[in-house]
Structure formats: C-alpha cells, structure tokens
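Letter by letter, the chains look like this.
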Amino acid sequence: MDARKICILGDFAVGKTSLARRFVHQQFSDKYLTTVGVKVDTKAVELGAGRALKLAIWDIAGTDTPTELLLRYTRGAAGFLLVADATRAETLDCCAELRDAVLDRLGPLPHILLINKCDLEAQRELTAAALPSPLDTALARFDTSALTGAKVETAFTALARAMLESAP
Amino acid sequence: MAADFSPSRPADAQPTDKGPTRERNGCPSESDESAFERLKGLLLGDQPKRVADLEQRLADPARRAQDLAQVLPEAVRASGAADQRLADALARPVDACIQRSVSQDPQRLADALFPVMGPAIRRAIGESLKGLVQSINQAVEHSLSPRGFRWRLEAWRSGSTFAEVVLKHTLVYRVEAAYLIHNETGLLIDHVVAATDTTLKDEDAVSAMLTAIQDFVQDSFSAEGAPLESVEIGQRLLWLLRGPAATLACVIIGLPPHSLRTDLAAVLLEVHATLAAPLAGFRGDKSALMAAHPLLEQCLALEYREDAVPERQTTWWPWGLALLLLLLLAGTGWMAWQHWDWQQRLSRARAELADTPGLALLHWAPARRIDVELLADPLSSAVSGPARQRVSDETIRSRLRIRTRPYVSADPPIVLERARRQLRPPPGVTLDLDGGLLRVSGRAPSDWVERLRRSPLPPAGAEGLDLSALEPELKDQSDLAERVRAALQPPEGVRVTLDGTNVQLRGAAPQAWIMRVAERLMPLRELTGCTDRGLVATEALRARQLVAELQGLRLYFSEGIEPTPDFAARLQRAAGWMRELADLRDALPGLWTRIVVVGRSDGLGDPRRNLWLRGERASFAVARWRELGVPGTLLSAEAAPDSESSGMASRKDRRVEIRVELTLPAPRGCNPPS
Numbered sequence: 001m002d003a004r005k006i007c008i009l010g011d012f013a014v015g016k017t018s019l020a021r022r023f024v025h026q027q028f029s030d031k032y033l034t035t036v037g038v039k040v041d042t043k044a045v046e047l048g049a050g051r052a053l054k055l056a057i058w059d060i061a062g063t064d065t066p067t068e069l070l071l072r073y074t075r076g077a078a079g080f081l082l083v084a085d086a087t088r089a090e091t092l093d094c095c096a097e098l099r100d101a102v103l104d105r106l107g108p109l110p111h112i113l114l115i116n117k118c119d120l121e122a123q124r125e126l127t128a129a130a131l132p133s134p135l136d137t138a139l140a141r142f143d144t145s146a147l148t149g150a151k152v153e154t155a156f157t158a159l160a161r162a163m164l165e166s167a168p
Numbered sequence: 001m002a003a004d005f006s007p008s009r010p011a012d013a014q015p016t017d018k019g020p021t022r023e024r025n026g027c028p029s030e031s032d033e034s035a036f037e038r039l040k041g042l043l044l045g046d047q048p049k050r051v052a053d054l055e056q057r058l059a060d061p062a063r064r065a066q067d068l069a070q071v072l073p074e075a076v077r078a079s080g081a082a083d084q085r086l087a088d089a090l091a092r093p094v095d096a097c098i099q100r101s102v103s104q105d106p107q108r109l110a111d112a113l114f115p116v117m118g119p120a121i122r123r124a125i126g127e128s129l130k131g132l133v134q135s136i137n138q139a140v141e142h143s144l145s146p147r148g149f150r151w152r153l154e155a156w157r158s159g160s161t162f163a164e165v166v167l168k169h170t171l172v173y174r175v176e177a178a179y180l181i182h183n184e185t186g187l188l189i190d191h192v193v194a195a196t197d198t199t200l201k202d203e204d205a206v207s208a209m210l211t212a213i214q215d216f217v218q219d220s221f222s223a224e225g226a227p228l229e230s231v232e233i234g235q236r237l238l239w240l241l242r243g244p245a246a247t248l249a250c251v252i253i254g255l256p257p258h259s260l261r262t263d264l265a266a267v268l269l270e271v272h273a274t275l276a277a278p279l280a281g282f283r284g285d286k287s288a289l290m291a292a293h294p295l296l297e298q299c300l301a302l303e304y305r306e307d308a309v310p311e312r313q314t315t316w317w318p319w320g321l322a323l324l325l326l327l328l329l330a331g332t333g334w335m336a337w338q339h340w341d342w343q344q345r346l347s348r349a350r351a352e353l354a355d356t357p358g359l360a361l362l363h364w365a366p367a368r369r370i371d372v373e374l375l376a377d378p379l380s381s382a383v384s385g386p387a388r389q390r391v392s393d394e395t396i397r398s399r400l401r402i403r404t405r406p407y408v409s410a411d412p413p414i415v416l417e418r419a420r421r422q423l424r425p426p427p428g429v430t431l432d433l434d435g436g437l438l439r440v441s442g443r444a445p446s447d448w449v450e451r452l453r454r455s456p457l458p459p460a461g462a463e464g465l466d467l468s469a470l471e472p473e474l475k476d477q478s479d480l481a482e483r484v485r486a487a488l489q490p491p492e493g494v495r496v497t498l499d500g501t502n503v504q505l506r507g508a509a510p511q512a513w514i515m516r517v518a519e520r521l522m523p524l525r526e527l528t529g530c531t532d533r534g535l536v537a538t539e540a541l542r543a544r545q546l547v548a549e550l551q552g553l554r555l556y557f558s559e560g561i562e563p564t565p566d567f568a569a570r571l572q573r574a575a576g577w578m579r580e581l582a583d584l585r586d587a588l589p590g591l592w593t594r595i596v597v598v599g600r601s602d603g604l605g606d607p608r609r610n611l612w613l614r615g616e617r618a619s620f621a622v623a624r625w626r627e628l629g630v631p632g633t634l635l636s637a638e639a640a641p642d643s644e645s646s647g648m649a650s651r652k653d654r655r656v657e658i659r660v661e662l663t664l665p666a667p668r669g670c671n672p673p674s
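Protein chains in written order, with this note's numbering: chain A, 1 to 168; chain B, 1 to 674.
There's no promise every hint is true.
What the hints assert, rightly or not - No more than 25 angstroms apart at the CA atoms, straight line, and that leaves these computed lysine-lysine pairs for DSS-like:
1) A/K54 <-> A/K43
2) A/K43 <-> A/K31
3) A/K54 <-> B/K286
4) A/K43 <-> A/K151
5) A/K151 <-> A/K31
6) B/K286 <-> A/K43
As the list claims (entries may be wrong) - Derived list of chain B stretches under chain A, where covered just means 3 residues or more per stretch with a C-beta under 8 angstroms from a C-beta of chain A:
7) 202 to 210
8) 280 to 292
9) 372 to 381
Hint data in this document are derived by calculation from the structure and do not stem from the laboratory.
These numbers come from a predicted model, not from an experiment.
Virtual Cβ for every residue (Gly too), placed ideally from N, Cα, C.
One chain only, chain B, in its complex shape (with noise of 0.2 angstroms):
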C-alpha cells in the first residue's frame, strides 16, 4: 500500500515555546491543543487522516465489499490453486443457493443448463438408439431383395453397418422451411423457405397463430416442459422445437428420421448460445437478431433425397439376380411338369393294365423297373393281346417286368370268348351277356339247336342261357310244320300253326281229338311246346247253345196248373235238348249240369196259393219231362221265391222257365313233348 511520508516536517522536531503551558496548569489550554495539533502534523504528517480514512472504509459495508470485489477473483483464483480449501468452504453454501434457486424458479436454472443438458441428452437418447438400430439390423439383415444386396455392398464399401445404410436410404425427407418464434411475444424472429409453394401469406400472424396453440396446448393439458412437439399438415409435418426463449418450428415433406430432430435442436442450440442477450430483450426489433439467419439456413441443408445416390455401377444385382431366379424358376417348373407327365404316363399305363378284359391287377410298384404281378386268364391274350402290348407308352413298357398268375375271369369278353369256345355257334347266332345271362339269338341248324337245348349249360362266368331268342333254320320250320300237321290230322274247323318250335291250335274240334293231340305231337321232338287256348271242343260248344236254348225257353199256365195249349208243343222241344245235353255229359268228360225248373205265378190272389202254384208248376213240368225221358237226376224243380208281378193279372207271369247249370271241363293243354 502506498504510503504519504511527505517529510513537511521532521520526526524529531523540538516543541515550540508554547509547549510548557499545559504543563503549567495540568489542562490543556486551547493553545496547547493547537501547538500539539501542530506537533502531531509536525511528527506524523498525514498519517492521523490517513488511518481515519481506513476506519471509515472499513466502518462502512459497501466500501468494504467494494474493496473485497476488486479483490475476490484474484483471491479465489490464487485459494483454487493453493489448496481445496476454498472449494470445501464453498461446497455447502454453494449446494444451499441452488437449492434455493430450484425451488425459486426452476425454469430459470433450466434456461441455464439448456446449453449443457441438451448435448448430454441427445447423447444419452443416440445410445438408447444404438439397440433398436442392431435389432433393426438383425430385421434386415437377412433380406434377399436386389436393392438389400446393394445396400449391403455400400454398407461394405463405406466400412458403415448395414442398418445405418438401410436407414439412410428408407428416409426421404427434406426441410422446407424454418421459423424462428419467439417464445414471449410470439413474434417472427426470423424465417428461411427454401420451395416457394411452402411460403406462408403472412409469417407473423402463423407464428403468433403456434404461439397461442402452444399456450393453448400447456394450458389444457399441464404439461409444464411439455410443449406442443409435431404436426400434420396434409403430407408436411410441422416440427416444434422449444428453447428457453425461441422455438423453431421447421416445415419438413416426406419422412424424417429422428436424428433430424437431434440436428435442429442442435441449430436451435447454437441460435441460443449465440444471440442469448439479443432473445433475452427482444420486443419486436429484428435488427439485433440478423445473425439468426445463416443458422437457419443449415436447417434448409437438411435433406435427403433417394434418387439422389445413383448406384448405376450395381445396377447389373438386380437383372442378375432376376436372371438366376428366372432360370431357377423355370428348371423347377421343368422337374415339375416332367414328374407331374411322368406320373400321368404310370397312371394311363396302370389303368390300361388294369382294364384289359382278363387281367386282375394285384400289385404295381413303378420304380426305374415297373415289377407288375397280375392275374391273367388263359383267354385274355386271345381277347386283349398280350399283356404287355396293352400298356401304349414305349418307355413304360420297356420298364415293365411282369408276372402272372392264371384265373378265371367274368369279364363280359372273356365270358363270350369262352361262350364262343364252348358253344362253337355256327354263322348266324349271337351271343350277348346281358347281366349274367347269355343269350343266345339268331337262326341255326335244327340239330345245333336240339342239341343246346338238351344240355344247356352255361359258361363259367355266366349264371345262365337265354334262349328264346334262337330259332331253327326256315328250312326245317317248313319240314316241321308239315311233319306236326301229319301227326295231328286235325279235323275241318282247325287250325294249326307253327311259332318257331312252338305249336298253336285253334279252332273247334271233338273232345276225342283233342284229348289226343299231346299223344301225336309226342314224336316230334323238335317241338318246344304248345299251345291250344284257341281251340275249343265242339261238345263243349254245343251243350252251350243247348243251355241257351233251354234258358229262353218258357211253358205258360191258363190258371192253377192247367197248361196252355202249346204248352206240349214246347214240353217235347226241350226234353229233346235236355236228353242231347245228358248225352254230351259223356262225350265230353268233365261236363256237368243241373236244369232246374223254376215255376213262377202272377200276383193275383193269395200268396200262399200262389206260392203253392209256383211249386206245383214246376214239378208239373219236371214230371212231364221225366216222363218224356229225361234223366231224373238232371232235373229239379223250384219255386220262385216271389211273384214278378204286382197286382196284374198276365198271362206271361203264369209260366215255367228252366235255369240251366253248367260246368264244362277245364282244357288240358296240349303238353309239350318231354
């Protein structure tokens, strides 16, 4: 410290003569205060001022902390380099003033650290990213496309991980715009637009306009420190990035990555740390915050367009791989369809096997060798052809190794070639299956039919002969119709006819020859039945015009039992019909009839005589009859159970009618020659 010894007097200086009057009187008189004011400038100079000027400096606060400011740095700077001291001392006072701040006003302390906090959590957060970039990686990792071998191979080149690569191709995105807003007043800082169509009519009313929805946002939702982040418009997305004093709000089209936010909040970070004094005070002057600008404009450089990275030297990846697939494609589908064409051929060669008349298809193992085991019968080779010349395919058959086992088989054309075989029918027969039944049609010698006929044994495979449809030879029906009328000598009035071996009679003819036709037709064997429902015995026919004549017959009453006179005339005309029909009873075996005589009466008179009348007329005229001849046993005679009439007196109720019995025999049949 610089000190004032002006030597205005010297220190050892004697008194003056006033000295001795304080001495005299013991007080100092007013005079001696002087002379010893005077001593003391003379002795100390300003020394006295000088240590009065100290005591008031360090009496008043405000010069002592004047002082300590001029002097504290300098004395902090030379504590920190001594010693740790000085931190320790400061360490709880220090602790205590943040807490108090904190607790004051937290936003102001996180105004403060914005600068720091920001790279340490972009930091922290480009870490966290670190694992959904490997796991994206291994999503990746094993894509086969053209465009993943290209990327892969620029991932190679350019020593970065494929996921890296996959990401920088897959985000197309770029900022078309950037507006600096100010977080109090709402007013533009500053903007940079980089495609015209992005231009806002009016900057400042928008900025205003996110402002107010940024207020609008934290007041409905309380989210202190959680200011409005993103929003869509049509395809752009409109990015909000928050700082202590600014937003910047960036108009970005397409999709960006999240690093881009990272890379805006490091341009709003730099706006921060640049112009802190200039946002701090702004009102609406622009003027102070011009060097925003070129800030912004690094967010115009933040783009990433895809068709920008031409890859022409790999663009022969794709057609080459396309290539390589397309041939791989096609000889697949060459196998393919050769295996698919290879097992059609077995199958058609299989199923030529296996419906070949005669041949039983019991196993089928198609391998380089086809082994085949079949069941052949002995016929199919003569039906078919060999087996093997069955299958069409050259190449299978050349792979065919067959074996057979002999069978018999139904197959409808081995059973016909059996037929043939057993049958041997001459030109002119057919032989059909139908179900299991051979039929066997057609015309052939008499002989060859006889001979089928007496022994008709069917084939093995059929379960019967048809033969109603074989028919001899027009020569022998002729021979045969001549020889059967011979043997008949059938009588005028009957016809005979020949139905292939079939005899037909009809006609009328005397019971006598007809119950002889079977004994005559016995030697011609040809003959295979016949037929006599036309023909009728002539007595048969006779008794029944007799009972026809006998049932129109009536004989009358006068009255009582007295007859009328051409009643004996009538009387003798019937009992000759009724001895004829007596007769036939013998001719014709088997006929049998009952006459019986009915006496009727009018309704006149009393019942009881009438009905006594109706039994005396009959048994008048039985006994006539009787008398005349007629068998007794033939006859009988009855009443009618009531008159017909009623009230009126008639001639043609009082009468006799005959009601006439009649059983004839049932035909024989001309029985066909056993």
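Just chain A, with the same shape it has in the complex (with noise of 0.2 angstroms):
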C-alpha cells in the first residue's frame, strides 16, 4: 500500500493531537497533554474505487509562529491541515502564518483548514463569515469536532484523495 506523509498544524491546544487520537483510534480524551516536538501516527484510509492509502500522520507540537524544526518537520509531506480553534479566533491568524511559512518552504500543497471544538457552539468565535480570504487557498474547510468525531474522519479523508489526485 503506497503512503503519503500528512502533517497536522495549528496553534497550541486547538486539538491537533485530539483529531488524531481521534482519527486513529477512535477516542477522545478531555485531559490536555502538550505534544513534545512531534508524534506519528498512521492510519490507512480507502478512498474507493479499490484505492487506499497509508498516511502518516505527523502531528507536530503546536505553535503559534513557524519554526526551523517545525519547516523541518514538514520536509516531504503531500499534504497537511492546518487545524483552528472556533472558541478562539486568533487561532485562525496563526494558521495562515504556518500555511505561507510551509508552502513556502515546500511549494503548493493540497491543505484543509479545520475548524476545530465546534460542539462547544456557546462559545463559538470563529463562524464561516469570518474566515478571511488568503486561507481560501485551502481545498476545503470543515468543521470539526474530536470530542463527537464530527467531520474528522471526512477531512482526513478528502486530503488523502487530494493528495492521492494531486499525485504526478
């Protein structure tokens, strides 16, 4: 089975961590516990058609401005999300950032911005009006929630088949 490395940014504590446990494993623990540089996981997706892919998912320790390990980290992946908390707006700023710092580093890129903890609707910052126009470049957003699994399984999957389609 071919394998494609994905890497999963954001800002700290937007639930990168969350999305994969929760992709990966199916489970979703409310305890935070900060990532330390970077912790791999992999998971295969089917795609249809008798296609299917292996990802390996590097989800890499947040931050709020690109650093050298952090592009290093990023070195050979076919495609990342870029994760956003919708309780904090800012989060949102912090994802161009990593976006601009990685495409340009790596060259175009299929990406999707997840809007991450949407089922805490109350305290919902981020809403799709807001989204500002330079991370239109993503392929898709979607609203995500690793604590119901909503949209999680559907975003991982829509970047494999991108990245699967973007393929040479």
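Make the complex out of the two chains shown on their own, each in a separate frame, by following the hints.
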C-alpha cells in the first residue's frame, strides 16, 4: 500500500493531537497533554474504487510561529491539515502564518482547514463569514469536533483523496 | 553537407527577351526584377534559399546551440583522443563551475560524491584499523588460555593473523531487522525482519519517528552532516546509516564489530546506486522501490554466532593443559609440603637440643650434614642422656655432626643433680630449687644434718641452702629431749619442749636458774636454738604482785595530819611489802623501782592549806615507813596537784595512796649453742 506523509499544524491547544487520536484510534480524552516535538501515527484510508492510502500523520507540537524545526518536520509531506480553534478566533491567524511558511518552503501542497471544537457552540467565535480570504487557498474547510468525531474522518479522507489526485 | 543541385535550369542558359529592359533605362523595372529573379532561379536554382536558411540558423542562438549539441559529444571525444588542448581549455571553467556549485549547494555535490567517497573513506578507515588490530595482536599474543591456544591454531591453519581470529570469535552479534527509510518523507520504503520478537507494531510510525528524532537531533545540536548514528534499546542496538536519500536502520543484538557498519554502509550504497532515480522521486509509492528488498536481506545475513564454529578436533587441548597444570600444581605442592615438613622437623630437633638441660646451643647449620656446636655440662649426659639421643627424628639424628665444649650449667635439673652428688642426701631428704635457693627438706640422721649445718656450702648454680625444713630423725629427737631436760633440770613450773632442734621454755622459774639456761644447753650441739618467750622469773612475778598490793592500799586521815585508827596496821602491812620489793632488787638484777607516796585532801577549806595538807600527809607516811625499815631511797613524797572532791567533806578524800614505778629487766634469752 502506498503511503503519504501528512502534517497537522496549528496553534497551541487547538486539538491537533485529539483530532489525530480520534481519526486513528477513535478515541477522545479531555485531558490536555501538550505535544513535545512531534508524534507520528499511521492509518490506512479507503478511497473507494479499490484505492487505499496509508497516511503517516505527523502531529507536530503546536506553535504560533513557524520555527525551523517545524519546517524540517514538514519536509516531504504530501499535504497538511491546518487546525484552528472555533472558540479562539486568533488561532486562525496562526493557521495562515503557518500555511504561508510551509508553502514557501515546500511549494504548492494540498491542505485543508479544520475549525475544531465546533461542539462548543456557545463559545464559538469563528464562523464561516469570519474566515479571511487568504485561507481560501485551502482545498476545503471542515467544522470538526474531536469530541464527537464530527467531520474528522471526512477531513482526513478528503486530504488523502486530494493528495492522490494531485500526484503526478 | 548535402546540397540540392536540381538542374531545373542550365547554368549557361541565355537571358530571355525581356533582358534588355534593364539596360535601357538604367533602372530595373518590376519586369526586370522578376526576370532577374527568374534568371537567378535558372542560374542558381535553390541555392539562395539555402543560403538564407544557413544565415538564419547562424543568426539564431537556439538553433546554433541545438546544432552544436548534436556534434559536441563527438567533437569532445575526438579532441580528447587527439591531444590535451580541450582538457586544458576546460580545466579552469570546470573548476569555477564546481566551486560555484559547492558554494550554492554543498549537499548536492556531497550526494553526488557519496557513491565515490563511501568506499574511499572505508578504505582509509580500514587502513587505520590495521594499527588497532596490530596492537590487539600484541596485547593478546601472550595469552595462555586454552581458548587462546585454540584460536592460535586456527589462525595458523587459516593463514589469518591471530588478532583477526580473536576479533572474529569475541564479537557475537546478529542483525535482526533492517528498515529502509526515506529521508525526506520519513516513510518506510521497505523492511526485512529476521526474528519475530523484533517485529514492530507499526513500522511506518517508527520510521517516521526515527526521522523526526534525527531532525530533532540535527536541529538541536546544529550537527549538519553528523546525524544520529546509534541508539541503545535494552540489549539491542539500533544503528542508523544515513544516505543522501534514504536511511538504513538496523536492529542488532550482541556486540557488533565496527566492520559491520562498513558492510551495512555498502548495502546502503548499493541501494542508492541501484535506486537513485526512484528514491529521488519517492512520495510514498513503494512499487518503484521493490528492488530494495533483496538488498535489505543482505543485511540479515550479517551475523556471527560463536557456537556456530565447532572446534571438536581441538577439545583435548584444554583437558591436556588442565592435566598438565594439575600435575605441575601437585608437584609444586608436594615439594612445598616436603620443604615445609623438613623445616618443621629441623625446628623441632633444634628445639630438642636447645631445651635439653645442661646443653647450650652455640651453632646450628642445617645443610646436607647438620653441623651443631654445643656447650655441654658434664652432668648433662647423666641427666638427659647423650646429646645426639635427645633428637627424636632419626633422619636428622643421622645427619648430626656435633661438637661440644664443657661448661657449668645452671639449669635446675643439672644443679639438683650436682647437689645430689655433692650432698649425697640420705633417703627421706628432698632437694628442691626454689629460685636460686636449694631447699633441703625431710628427716635425716642427726649426724648428716649436723654435718650439713656445719658446712652449708651450696652447689654451683645455687645461691644458698635452705635447711629450715630439714629435721633429724625421730629417734634422735626423743634422745635429745631427754638430754635437754637432764641438762636443764628445770624447776617445777617450767615446761621444756623441743620443736625439732629448737628448745622452747615456758612457765616461771627463779631468775638464777634462768640465768644459767644457756650455759646448761651449751653441750647439746644438735640444738639449733632456744626460745624462752614464755619463761618468766618468779621474782618478777612477785614484784608485780607487790606493786598491785601497794597501789591498792589507802591510808586515811581524820583531819589535818591525824591518821585514822586503822592507819597503823595498814602502814605496817605496806612496810613489809616495801621491804620485800626492796629485797627483790638484789634477787633480780635490772629490776628498778620507786615508791611515790601521794597525799590527797578533800575540797573543803582553803586550797593553799589543802595543798599543804596533801604534802604533809605524804611526808608523814614516808617518815613512818622509813621508821619501819623501808629504805629511804625507795620512797618519795608527793602532794597531789589538785583536790579530787568538789566542796564535799569526805573521809575517803583525806588519804595517802601509793604509786609504784617498776621496771623489770629485759629477758636475756637462752642463747642458742654456738
């Protein structure tokens, strides 16, 4: 089975690790454990028509500014997920900054924007109308919840499909 | 070059009728132009077009570059074969190109040179390791272990150096798994596993994490070009060999030699050489890199097990060597024990001689013959036997060579023997040495005792004789007592006993008899002494009685110096005692006495009168006793210094009393017969 490396990027505590855990292990824990460096998981996704892809998911420690180590971790990625926190509007700016740095280093890559923690509707600050235009470069945007699992599988599968289709 | 010479029109063709038109008016008309063109066409065919094409190709750099590219390889090859001019010409530009390339991206050149530099570096390392191998060779060369002998034999048989064989046998390892990881993506390209317990749950995750760790290490330590090379996981080692495009990660158990890394590097090198293009374009499609699998399997073949090299034909070596060592050890032990035992026997024999009474060891030199020099008392043989016989060990005794010199020994057994020979004590007499004193005890005939006492010379080695415990035999004793009694003729009241040869006298006897005791015992020379502490002179006894009587006497006065009616009788009685006491002075020479008459008074009246009365009363009594024949020199009057009574008129206080001062002669003792 072919494999692809994808990265999950975003600000601190936006739920990157929870999303990866939900996607890979179908589990969720509300205990916050900050990621040190990077954590890698793999999962095979079925894309229909007999196609499958094994995703090596690099859950990279949250940061509000792109560092050299972060960019080194993203090297060789076939796509990436940008994760913002629906309850913190400023995390979207961080996504834009990270996206610019990664695309600048790696060239055009398929990426998807995830607005996570959408289950916290009462505290929601980010709405579709509030999204800035620079993030329109994302192939898609999903309102996800690692808690409920909403749109998590869809988002990863969409990125896998996009990577497969964008391959030369 | 092919040229188109199609003869559509002959070269020598004449001009057409329209030709003169140009010459007529000096300016060619359109018809002239076309005619000229036709003429050119007739004369030159398509040459002008071809020239134009050539000009266009020369003027167009792209076309010219294409043309040059077609002929350049052949031209370079031809020039290189002809001479060195092209190489000279290209040297400087190529040098500049390389420098520029290195300055822009050193990694690219490093990647390009990796297949070349790898073997070169390995060769250089191999050369340097030779020195290490030689030093190890020297270090273990002198090994004498059975295994060392076995390996030496193997080196001799195989033609290898001993150090190589040692290294081969001491390094036990096995490559259990090999993972080929794409550097850029961290994705696992392929992997092979030999041992099932080394199988990882998620090889892709592990490979990605290894890549992340390498990235982290390089970023943290700024160690570009010095990546993580080795990780220890329990008993296993994870070796990471990083190539330009892929990393080879090998799980190894045991102690791998450094040469294993060289072998693994060769595998990685081959992977890069074989799969350079697929590796460069790898994005996760593993199908293009299937060829890596057989190469990875080469890694698993790299193992060594010590038990895989049986050496049955040489197993007698350790046993033979052990037996030899055992025999050597036993022989050494036996010799050591023999030596120790001989030394013990020598010490024992030496002590036997040295401890023998009458012998003093001067020199002891044990060798094949044992030379001994002794000081020997003549009596030693009699006491302890011959010196040689004192040594109980027959072997040593047979090797003794003894020289003796005479001397006088003070050893107690010798001194006693000397005393026995000198004194010849009769049976019943015991000789004993107490310190330096020769004690003679027991009962012996009186003449032997007498002789010994007359000349008490101790034998050599003894400081003196103690004869206090020596007694004459009982028969002599009873005879002696009789003779003592006969000689003394003791008066009644005197008890004579014999304590051995010592006379003891007790009881009371006249002083005249006591004075003659020593004289009477003089003939009895067996006597050693006389004790008369219990003997008292009858005169002394009488004197003490008289003193007691006198001091108990009281003569009373009525008042003044008038005596009471019983005064005279008491005075008479006391006068008799006093005269007797005065006579005893003659019978007992040395007896001295003084009678002090003390006058006393009651406490009534004037003290001065009382004092006068006390003196007068004493003087009155003294005068009366003188009148009654008591020697005046014996008497003295004295007034008591103070009245005993305190204001009470008592007859008893008005008295005269007597104080007698008596000194008896010291006992003279019955001197032992000289």
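Check whether the Cα positions of A/K43 and A/K151 lie no farther apart than 25 angstroms. This hinted pair holds, its Cα atoms lying about 16 angstroms apart.
At a Cβ distance under 8 angstroms, does chain A reach at least three residues of the segment 202 to 210 of chain B? holds (count 5)
Is the straight-line distance between the alpha-carbon of B/K286 and that of A/K43 25 angstroms or less? holds (16 angstroms)
Going straight from one Cα to the other, do A/K43 and A/K31 come out at no more than 25 angstroms? Judged against 25 angstroms, a Cα distance of about 23 angstroms means the pair holds.
For A/K54 and B/K286, compute the direct alpha-carbon distance and say whether it is at most 25 angstroms. Given pair A/K54, B/K286 holds - Cα atoms ~11 angstroms apart, limit 25 angstroms.
For the segment 280 to 292 of chain B, does the count of residues with a C-beta closer than 8 angstroms to a C-beta of chain A reach 3? Coverage by chain A holds here, the residue count being 5 at a Cβ distance below 8 angstroms.
Restraint status (C-alpha distance of A/K54 to A/K43 at most 25 angstroms): holds (6 angstroms)
Taking a Cβ-to-Cβ distance below 8 angstroms as contact, does the segment 372 to 381 of chain B have at least three residues touching chain A? violated (count 0)
A/K151 and A/K31 were given as a pair; does the straight-line alpha-carbon distance stay at or below 25 angstroms? holds (21 angstroms)
Violated hint for the displayed structure: number 9, the only one.
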